[in-house]
Amino acid sequence: MSYGSTIKVPFGPQHPALKEPEYFLFEVDGDIVVKVTPRIGYVHRGVEKAFEQETYLHNLYLAERICGICSHAHTTCYTQTVEGLIPLEVPPRAVYIRLIMAELERLHSHSLWVGIAAHEAGFDTLFMYLWRDREMIMDLMEEISGNRVTHAINTIGGVRRDITSEQANKIKKFMDKFEANVKEYMKVLETEQTFLKRTKGVGILKPRDAISLCAVGPTLRASGIKSDVRADDPYLAYGEIPFNVITHDGCDVYARTIVRCEEMIESANIIRYALDHLPEGKIKVPPPRTIAPNESVGRVEAPRGELIHYARSNGTAKPERYKVRAPTLGNLASVCQTLIGAHVADIPMILAGIDPCFSCMDRVVIINKDA
Amino acid sequence: MSVRKWARIRSPWLIHFNTGGCNGCDIEFVAAITPRFDVERFGIKLQGSPRHADVLGVTGPITMQITKRLVRIYRQMPEPKFVVAIGTCATSGGPFKDCYSVHGGVDTVIPVDVYIPGCPPKPEAIIYGIAKLLNKLSGSGSGGEDNGGHTQKT
Ligand code: SF4
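Quick note, the sequences are listed as chains A and B, same order. Residue numbering for the first sequence follows this note's numbering, beginning at 1 and increasing consecutively. Residue numbering for the second sequence follows this note's numbering, beginning at 1 and increasing consecutively.
Since the hints were made in silico from the structure, they are not lab data. Don't take every hint at face value.
Only pairs whose alpha carbons sit at most 25 Å apart, straight line, appear in this in silico BS3-like list of lysine-lysine [what the hints assert, rightly or not]:
id, chain 1, residue 1, chain 2, residue 2
1, B, 122, A, 170
2, B, 68, A, 49
3, A, 226, A, 200
4, B, 97, A, 318
5, A, 8, B, 68
Computed from a prediction, not measured in an experiment: that's the story for all the values here.
Let's have the full structure, built from the sequences with the hints guiding it.
Structural data, given as structure tokens:
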């Protein structure tokens with residue numbers, strides 16, 4: 001039903017459904033959203049400029065602090081970019097350790113998200129279950145790297161810590177348990193009416209729109225498009241490890257949930273395979289302090305999608321230019337499109353559906369001089 | 001102990017505001033309310049609206065864009081109100097201290113009662129910090145006065 005006139009509903013920057021400060025202005029006609037205006041920039045800290053002021057080694061820690069959820073994805077991309085500048089060959093064992101951490105991080109990030117999705121759908125029990133399991137992954141990561149969130153395991157030329165055989169056994173044992181749990185939760189998600197009613201047919205993103213609006217990661221794959229940097233442009237050791245790119249034809253929030261759940265199972269398989277095939281040898285090689293003029297780009301499949309870093313060196317110990325392009329920026333245009341025509345009550349669900357990470361994304365700030 | 005004070009200590013309501021942090025502190029903060037750490041056993045409840053909250057938990061450095069919003073949220077909270085700065089960023093600006101669009105720690109904008117350093121602090125540390133605040137409340141009970149925005153850089 002249309003009321004003929006619209007009202008404006010502000011959303012954010014402080015809002016219970018947003019964990020980060022970002023602002024959206026919704027124009028609604030009755031209960032239906034007709035226009036969405038995002039306003040980004042609240043989390044802009046000036047990281048790219050800060051990169052230019054520190055040495056390559058310092059910047060490693062800065063790259064980690066671009067985002068606290070996919071910190072390892074950012075350092076992997078950073079080291080990949082800087083090693084491309086030098087260029088430097090990383091020992092195979094270090095490559096595998098990086099990969100294992102990256103997949104553990106995907107597990108923690110996806111279980112975090114599925115928990116949040118369940119919470120947004122009003123299914124808090126599942127949220128608590130998933131976060132309980134997530135704590136166990138955090139324990140594993142803490143044991144390997146020494147830290148729960150900012151792992152600091154990557155360094156230019158390799159990794160800082162090795163994985164011992166006891167740790168490997170422990171991870172493998174946990175993977176079996178975790179996989180069984182995820183399958184159990186999937187059964188719940190697939191049959192629980194309260195969850196299905198909140199997610200099926202909500203936030204439709206057609207495959208054509210997904211491509212033209214540059215969606216990435218699980219959001220794109222949930223629209224049935226097979227695209228994953230790990231498979232399309234293998235980095236680390238993904239070229240040597242067999243795995244499936246998960247897609248779903250649902251195009252809705254439900255599809256995004258299932259894609260993430262199945263990716264968790266796939267990640268568990270990758271981790272098991274990588275641990276079984278862990279090469280022997282050194283874990284790092286020393287990098288040079290200064291880097292000759294060069295340019296390099298790194299691409300990584302972060303839990304939320306394709307992450308791109310770019311660097312330009314000028315012969316000193318500091319980069320001349322550094323650029324970060326995070327997956328949420330790609331997904332933001334698509335989510336604004338999917339929100340149009342949605343019910344107001346579904347806004348948090350759809351917005352959460354892309355797994356937004358605004359701290360990754362806020363690379364610009366818009367200043368209106370005249371305002 | 002007055003009934004009001006007793007109620008405040010037994011059931012502080014918390015509002016969480018990210019002022020430009022990297023999410024690291026935020027997820028540790030959320031982890032503190034999940035089964036393993038479970039701060040609800042102290043009567044602590046996460047609140048959506050600043051008008052219902054007693055304690056403001058701030059994570060992240062204060063970016064230029066967020067400053068006004070933070071002050072506004074702080075002003076909307078009813079007295080007495082308390083501020084907890086969670087993480088190195090909120091304490092001092094952390095790794096982003098010298099960035100062009102960052103003010104620094106929370107105390108450059110609003111008064112802070114408890115600082116929890118760490119990048120990010122573990123959920124245990126966050127719980128410890130909040131427990132310290134509750135101790136402080138049961139003791140002298142001094143909260144910050146509303147002088148929001150007094151030391152803002154321009
Ligand atoms: S203190 Fe560390 S983890 Fe927390 S917001 Fe700042 S950079 Fe992120």
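Quiz item: Hint by hint, which ones does this structure get wrong, listed from lowest number up?
Solution: Hints that this structure does not satisfy do not exist here, as all of them hold.
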